[in-house]
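All chains should be built: construct the whole structure from the sequences, respecting the hints.
Protein chains: 2
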Amino acid sequence: MKKTDLICTHCEKIFPISDIYPRCDNCNEPLEVKKVTKGTIKKGNPLNQTILERYEDFFPFKGIEKGICLNEGFTPLVASASLAAELGVRTIYLKNETENPTWSFKDRGTLTGIQHAVRLGYKKIGTVSSGNMAASMAAYGAKAGLKTFILVSADLPPEKLNPIAIYDPALIRVQGDYGNLYYESLTIGKKEGIYFINSDVPFRVEGSKTIAFELCEQLNFAVPDYMVVPTSSGGNLRGIIKGFEEFKLCGLIDRMPRIVCAQASGCAAIYTAQKKNHERISRVENPDTIAHAIENPLPPSGNEILRKLRANDWISVAVTDKEIIHAQRRLAGEGIFGQPASAVPLAAVRQLTGQGVIGSDASVVLLISGSGLKYTAAFERHDLQISDCRIEDLGEFMK
Amino acid sequence: MKKTDLICTHCEKIFPISDIYPRCDNCNEPLEVKKVTKGTIKKGNPLNQTILERYEDFFPFKGIEKGICLNEGFTPLVASASLAAELGVRTIYLKNETENPTWSFKDRGTLTGIQHAVRLGYKKIGTVSSGNMAASMAAYGAKAGLKTFILVSADLPPEKLNPIAIYDPALIRVQGDYGNLYYESLTIGKKEGIYFINSDVPFRVEGSKTIAFELCEQLNFAVPDYMVVPTSSGGNLRGIIKGFEEFKLCGLIDRMPRIVCAQASGCAAIYTAQKKNHERISRVENPDTIAHAIENPLPPSGNEILRKLRANDWISVAVTDKEIIHAQRRLAGEGIFGQPASAVPLAAVRQLTGQGVIGSDASVVLLISGSGLKYTAAFERHDLQISDCRIEDLGEFMK
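Just so you know, the sequences run in chain order A and B. Just so you know, we're using this note's numbering here: the first sequence kicks off at 23 and counts up by one. Just so you know, we're using this note's numbering here: the second sequence kicks off at 23 and counts up by one.
Heads up, some of the hints might be wrong.
[What the hints assert, rightly or not] Pairs of lysine-lysine, DSSO-like flavour, derived with a Cα cap of 27 Å:
#  : chain 1 : residue 1 : chain 2 : residue 2
1  : B       : K182      : A       : K182
2  : A       : K145      : B       : K421
3  : B       : K65       : A       : K64
4  : A       : K213      : B       : K421
5  : A       : K421      : B       : K88
6  : B       : K421      : A       : K169
7  : A       : K182      : B       : K344
8  : A       : K65       : B       : K64
9  : A       : K65       : B       : K65
10 : B       : K145      : A       : K421
11 : A       : K421      : B       : K213
12 : A       : K421      : B       : K182
13 : B       : K213      : B       : K145
14 : A       : K146      : B       : K421
15 : B       : K64       : A       : K64
16 : B       : K182      : A       : K344
17 : B       : K169      : A       : K421
18 : A       : K182      : B       : K421
19 : B       : K297      : B       : K330
20 : A       : K421      : B       : K146
21 : A       : K212      : B       : K421
22 : B       : K25       : B       : K64
23 : B       : K182      : B       : K146
24 : B       : K212      : A       : K421
25 : B       : K270      : B       : K84
Calculated from the structure, these hints are not laboratory results.
Listed below in structure tokens is the structure:
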């Protein structure tokens, strides 16, 4: 690995790059890899590159270790003229992260996390997740040939267990306080030599930077006015922000987008803290939203996101399940079927344009975080239309 | 549209490019767009192009019509050293078509089909499908704002209906002989002005060419020895073959791969005809396989595929459900979870290496056609491993 350090996002204490415990022993806030201040995009054809190779200057790695990669990222950016007209803004773009190896954005951070693990010599990895991240880690752990521990809650239904189990990880239903497992797993991992690549560990955050990098390329380096991201742990949003920051430090773009942290109102720790002008987030008691993928009651990077929002006059929004379901169907009308969490940005922008916060000249990017096939229970919330017809009546029926 | 014709794949009779009836009125065999004999790959960054723009020379279109596109294609090619070692061949590559807008290869042909429809002025489109193609057409029809008829069999379960209905097409359960609906829909479509973009219509076949084009780029124009494709209607395989043929005609590659037409033994019309040395395929009575996506009892391009196999000494293989399930799990062990049809190529290659047909020096590409999330009933066929543990025992458990 190239020479660099981890730095605390809050108190700026320095830690070695080889540290796998992702939080500061001084203030308990998350660490991150020191920002890159000099770099360019590698030349070449993305069809023959991986994201780590194309953006190599922005990672402490040289190339890809041992072929442990599924060619994640390089996802489409799709413009929607009809959504832009409907919402009264200049342009709307959908960054479709469902086109990843396990059909969510998580694969980017899993890639960088496992690259770090393998370079440090770890043979065992793990994660605490019941959804996108669990499937992603199980898939990459299988590809890498590493022992992979996936810790899920004891009551997870088969619909969610099976798409994780198919990759043959050590899949463990944990009985007890699942809410504490994020911290518990890190402690056990450090002791037992298991690298827990949880939601916001520094090297998972590194992977999410590539969403910003690709966006800049896809928009020919014209930074969007608003970047809207469904937010749970805060790890993905931290990565996207860091990506834009590093491209700006390196002179590849000349400004930052205004960030919109989009949460579900049934579990909106960051939004609530910003609205109440609190310095720190508080745990959400009894979280309840259809957007399960972003239902983290105590986001481990919540305070750091809150600091960023406050320092930059950025925005947080909370949207109801009703708004989410409406937005999910509207996105399908654009040909993109995302899981409920993926619809949160569209619902958020609808609020913000309605309030006049986002104006008619704005360009807006919505992050579509994961595939709708991952959470089929949402179908019950839609009024789906199906007709019946005899084959001999078809000609008449279709007139 | 650029000036070209349709030509019958069998008797070579010529038809106008504006024809939407996909078969010859002389011999009833499928038509295709005349082969391109002069062309190059457009320069530029695939992150800022669509497949139609990059390979524009190979289509009768100029660019993209009205933004009707979801940035399909440009899917990963992932090498598997461990599969190559296990099967005793030089290299195995997995072309991962699950990373498309509706998570199957069908989106490529839907794109080109709808581009043709819109350029001809059609406001209504349709398809006959109960799976990947139905979802793909529904998504693109929604994006295009076209009236989209999706004809499915009367007994289709909700698990398959819902992911089509979410895009709001005119979704019709058809009572009667579903087997005849391919031809019936084409006749009604011609009469009622509905462009039925069925499994092997010429402009759907055109879209599948881009799989071959990308493969050539991804392999730096070193053509693989074997190209293994799960085969049902024959449309996708026809497109892949045509893509390699056109690149060869244009001097971009110097030879063809040896094609392997991989079928499920419970529905193997092409394999059976080749084995029996028949001139034409026969309808499979009572088709029965877990690979529903390739369960077409009378492939409309079956005779044309058979002609190609015989003329070139290419190969067809049939694999059992047991072999398919085994291969599906093995692919998941490589981090790629495909639907059962996607596992048919791996099962086929296992047969062919076992028989010594494919030798130790061979390079082999397997087409992974669609996402495993599309057919979750297959989980029941796997022995999935899940453990339980109390949180206080986790440290001990993971030792």
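inquiry  = Are any of the numbered hints broken by this structure? If so, which, sorted upward?
reply    = none
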